[in-house]
Amino acid sequence: MRGNPGDGVLLTDTSNPSGSSGPSTGSQDSVAASGLVEQFFRHEYGRLVAILTGRAGVRHVDLVEDAVQGALMAALTSWVAKGLPEDPGAWLYRVAHNHLIGALRKNAGRLRILEAAADELTLVANNPPSPRFDDEVRDDLLRMLFVCCDEAIPRNSRLVLALKAICGFSTAEIALRLFLSEANVLKRLGRAREHLRQVPPDFDSLPLQALQSRLAGVHVVLYLLFNEGYLSAQSDRVVRRELCDEAIRLTTLLTEHPVSATPETFALLAVMHFHGARLAARLDRAGGLLLLEEQDRSLWDQDQMRLGAEWLRKAASGGAFTRFHAEAGIAAEHAFAPSFAQTRWKEIADLYAMLDRIAPSPLNAMNRAVAIAEWQGPEAGLALLEAIEPPPWLLGYYLWDAVLGELHRRAGHKGEARRFIEQALASAPTDAERDLLRLRLASLESV
Amino acid sequence: MSTPKYLCVYRGAPSQDKPSPAQMQEMFAAFNAWKEQFKSNILDMGSKLKPSGKVLTASSVTDGPFAEGKEIVGGFMIIAADDYEGAVAVVKAMPMMQTPGACVEIREMASF
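Chains as they are written, first to last, in our numbering: chain A, -4 to 442; chain B, 2 to 113.
You may find that some hints are simply not true.
Cut-off 20 Å, straight-line C-alpha distance, at most; resulting in silico cross-link-like pairs (EDC-like, lysine to aspartate or glutamate) [unchecked claim]:
| hint | chain 1 | residue 1 | chain 2 | residue 2 |
| --- | --- | --- | --- | --- |
| 1 | A | LYS182 | B | ASP45 |
| 2 | A | LYS77 | B | ASP45 |
| 3 | B | LYS40 | B | ASP83 |
Bear in mind the hints are in silico, worked out from the structure with no lab data behind them.
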């Protein structure tokens, strides 16, 4: 005879103390078998933090995060023992909401500002847990994104805050993904939270429209988030894809609200889809980086490329031409070129010139030189590079040396080629890049 | 003769670590998989125990427990297995047994 399983005892102590295990690739099947969609807990975390912060006020975001964490822990114990509730999202909201009221009450007692605190409590308590419409949740998430991208928060704290509060990553997971120490992540998070605690209550009643001036800052953070996944030296594909997917998810959210559905947002989303389409083809089996030239184009995700094209088309409506338009244009040229050799290098060179006018950087000029070299030969590319006055930081940057070395190699200038490639080798950040440079050095010997 | 029953006593203070949402989802999936695999063995999932309680003797009632932190009983469950080997296999496969410091005592319940 079987007893009635009560609260699962065996859930008491299951956390991994090293905190190092992110979502592992092997468990996806069992995740699906548990009856919850992938990333359910992580996305619920972000959703609940956004909703409850919207109700309790930005200054209470610490309490909100604790309440949500507590609700997820309670869910874990209860759901294993009793099975999934009918509406897991509503269950979590109810429990998190109760946790939060308890915490606010305790907080009010401690602070002894009884009257103000009482108002605050009724504000939260009078909003009973109820099923919420998708567009309300979306607005809360958008608001949270604008909250995290406050220019008053140091820039490197904004990304970390968004990863924590909206994407639901732990500090250990953020550290792993951004190649930072956990202490550094905590420090950045601390600065962001310090700022949020000072946000006055009247901020919370501002309409989303009033936050529109932060949109450019939101774009920067989402672009950063995407690139952390796309350009990362992290060799774990799943981890990289996850960051790109989060950036795409949140940017897509921006396209759904009039406040943030601008041509620039569409162009940014196009950039992400075009690059995202090539993500799987960028790494070889060992996790090494593959050059565009070496990538198997049949691995590029056609559906995602179509999405990129669609958003780029939408981005073209309206007169604006932003840096994201230029970048999306470049990415589109690469995506739709039938082969590396048949790439329209002139168009790419022109787009890099436009990008450089909008967002001047010697890196844009460098990329333009690479395109020119493909189009008109290595000497033309070198001529362009020699015209650039490289700032000191660029001189120590391995890509600069690698590009110079490669163009000299192609032009047959063996001595210069060797010098630049050796310089690049000394500062290349990953094994994959060092391997590539060594191959080029070796090819100098064999010619 | 019926299948022997075993009381499994989990010892140790609950971890102070906060698992991340992604880790929680993994644990949820892992526990469900374990429960499914051993559903015929798990008679009673038991319960987590709150940290404080009362200790009674013939002459007194005091607040307890007074064991060392790592010896405090944190929870229990009851499983069925043909023998100790089987019982150990069930407990060993529990996701939480991968946590360093995890400690479960298994005792066959005497049947009269």
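### Task
Enumerate the violated hints, using their earlier numbering and listing them in ascending order.
Violated hint (a single one): 1; every other hint is consistent with the structure.
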